[in-house]
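Peer 1: Protein chains in written order, with my numbering: chain A, 16 to 370; chain B, 95 to 262.
Each hint should be verified, as a subset may be incorrect.
[Said to hold, decoys possible] Calculated cross-link-like contacts (lysine-lysine; reagent style DSS-like; alpha-carbon spacing at most 30 Å):
1. B/Lys221 - B/Lys246
2. B/Lys195 - B/Lys221
3. B/Lys195 - A/Lys73
4. B/Lys221 - A/Lys169
No lab work stands behind these hints: they were computed from the structure.
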Amino acid sequence: MSIENILNCSSVKWMESHEGQDDIVISSRIRLARNLIDLPFPLRLDQHSGNECLQRIKAVCEEEIPAVLNEIEFTGFDQLSNLDRRILVEKHLISPAHAESNSPFGAILLNQDGSLATMVNEEDHLRIQCLLPGLQLAASYELAQQMDDFLESKLEYAFDERHGYLTSCPTNVGTGLRASVMLHLPAMQMTGQTGQILQNIGQLGMTVRGLYGEGTEVSGNFFQMSNQTTMGQSEEEICNHLQAVTEQIVEQERMLRERLKLDLKYQLEDKIGRALGILNHARIINSTEALALLSDVRLGIDLGILSGIQPYALNQLIISIRPAHLQQCTAQEMDALHRDIKRAEIIREQIQGIK
Amino acid sequence: MYCEECKQKPAAVHLTQVYNGNIIQLHLCEECAAKKGGFIFDPGNKFSIPNLLSSIFGTGYTVESNPTTEIKTCPGCGMTFNDIRQTGKLGCSECYQVFAKEMEPTLRRIHGNSQHIGKIPSRGGEKVLLRRQLDNLKTHLQEAVNREEYEKAAEIRDSIKEMENRLV
Chain A
16 MSIENILNCS
26 SVKWMESHEG
36 QDDIVISSRI
46 RLARNLIDLP
56 FPLRLDQHSG
66 NECLQRIKAV
76 CEEEIPAVLN
86 EIEFTGFDQL
96 SNLDRRILVE
106 KHLISPAHAE
116 SNSPFGAILL
126 NQDGSLATMV
136 NEEDHLRIQC
146 LLPGLQLAAS
156 YELAQQMDDF
166 LESKLEYAFD
176 ERHGYLTSCP
186 TNVGTGLRAS
196 VMLHLPAMQM
206 TGQTGQILQN
216 IGQLGMTVRG
226 LYGEGTEVSG
236 NFFQMSNQTT
246 MGQSEEEICN
256 HLQAVTEQIV
266 EQERMLRERL
276 KLDLKYQLED
286 KIGRALGILN
296 HARIINSTEA
306 LALLSDVRLG
316 IDLGILSGIQ
326 PYALNQLIIS
336 IRPAHLQQCT
346 AQEMDALHRD
356 IKRAEIIREQ
366 IQGIK
Chain B
95 MYCEECKQKP
105 AAVHLTQVYN
115 GNIIQLHLCE
125 ECAAKKGGFI
135 FDPGNKFSIP
145 NLLSSIFGTG
155 YTVESNPTTE
165 IKTCPGCGMT
175 FNDIRQTGKL
185 GCSECYQVFA
195 KEMEPTLRRI
205 HGNSQHIGKI
215 PSRGGEKVLL
225 RRQLDNLKTH
235 LQEAVNREEY
245 EKAAEIRDSI
255 KEMENRLV
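Generate coordinates for the entire structure from the input sequences, incorporating the hints supplied.
Peer 2: Now the structure itself:
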């Protein structure tokens with residue numbers, strides 16, 4: 016039962032370490048939007064067409080699945096509680112909109128390690144997502160593409176020569192591809208350079224969002240950057256372009272980190288030390304403050320100022336202190352105060368080895 | 095962060111506009127954002143790309159119904175172009191054909207382009223694939239002729255003929 020494992024496990028694929036290449040780019044994601052031919056898009060599905068859509072997709076998962084996809088399993092939303100869905104959102108496997116939609120036709124196709132998560136009947140019939148740790152856009156695209164090929168060998172997609180893959184929203188039509196990277200840019204933020212960099216990103220056809228994608232705010236110096244347009248460029252071009260822009264940003268962030276270390280050594284160490292101090296001793300902490308302080312600690316680890324924890328363990332910690340995970344951990348509904356108390360407790364436990 | 099307009103309520107809408115290469119960033123509360131206009135804003139819903147998008151369909155500030163396009167209804171899902179403008183979403187794949195003309199400027203505005211180049215599904219996309227290969231071969235033929243490699247050009251020409259027969 017992969018879904019049980021994924022829900023209960025503290026880690027999914029993207030949180031793992033990636034050969035020391037995951038200090039600034041935390042994870043890479045590829046998303047492909049696809050729709051089935053002859054059926055209205057999810058927004059317009061009725062009982063009959065909705066069931067038909069779910070049945071077609073479910074039937075594919077009962078076929079023999081290529082080994083590379085690592086055992087895809089279908090789970091309908093009727094088998095998932097609200098809490099389960101919120102946990103999937105916090106693990107970045109489904110979108111907030113998908114979790115909140117009360118569509119009776121919602122489902123998710125998940126593989127064993129959570130690297131492939133396909134949302135069923137979110138805004139489109141299928142949204143294939145592949146998430147990998149570090150900067151791995153090409154590998155991520157390759158895996159998503161294999162999932163796409165597998166689904167496409169069994170299902171006929173809505174496609175036309177001029178418009179490409181047809182999607183509910185015209186912002187996704189064409190390749191249906193949204194490639195994104197999650198970046199941790201504390202030095203850029205501290206030196207007040209994010210504004211300028213983000214301006215340039217806009218001109219390069221990229222867009223920046225918060226930790227949980229569309230409509231969410233940037234917090235804890237984590238940014239999600241993705242391509243803006245999906246038509247008129249090939250999939251490879253889109254990925255290569257994002258890769259190139261990401262590499263430039265990474266280089267810039269590295270340079271700034273080094274400069275901070277040289278020019279503002281004591282201020283930097285002070286900031287990081289204070290962050291660790293608060294996290295070690297706080298008894299009540301809200302999610303925004305925790306994320307900001309953990310961002311400082313992460314920088315300290317990346318720069319060798321602190322040691323005693325692996326960066327991937329910090330990824331897991333950041334997710335495990337989100338509200339739904341806290342509720343799962345205590346097996347009860349909590350008000351904001353009790354969540355803040357529990358959050359502080361978990362953080363203290365997890366970071367006690369950091370020096 | 096507080097709203098830049100009223101400076102009282104927390105900013106809930108973060109708008110980045112690129113206008114002639116200049117970036118304008120606005121941080122507004124929902125009410126001031128709605129007053130500002132420029133996009134269709136439904137305070138009942140969270141601000142999202144589709145809200146912003148419905149303005150791309152229309153002329154800008156208000157979306158007025160256009161009697162000529164309103165009459166046309168997609169036989170696949172029953173959506174009118176006005177529905178599409180208001181929701182920012184199409185109802186089914188047929189909408190792309192039915193409202194091709196109306197969608198053209200929108201797609202250009204969003205993507206700067208309205209022609210797909212990229213992956214083609216092998217199922218249902220056979221003819222498209224063949225046509226792409228054909229275009230490639232024609233380019234190669236021209237190159238071979240330019241290089242005066244006539245034997246190779248003849249081979250390519252035969253492949254083109256064979257492919258054209260398969261397309262008919």
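Peer 1: Within a Cα-Cα threshold of 30 Å, do B/Lys195 and B/Lys221 meet the stated pairing?
Peer 2: 23 Å, holds
Peer 1: Holds or violated: are the alpha carbons of B/Lys221 and A/Lys169 at most 30 Å from each other?
Peer 2: 19 Å, holds
Peer 1: Measure nothing beyond the straight line between the CA atoms of B/Lys195 and A/Lys73; if it is 30 Å or shorter, mark the hint as holding.
Peer 2: 36 Å, violated
Peer 1: With the threshold set at 30 Å, check whether the alpha-carbon distance from B/Lys221 to B/Lys246 stays at or below it.
Peer 2: 25 Å, holds
In this structure, the one hint that does not hold is number 3.
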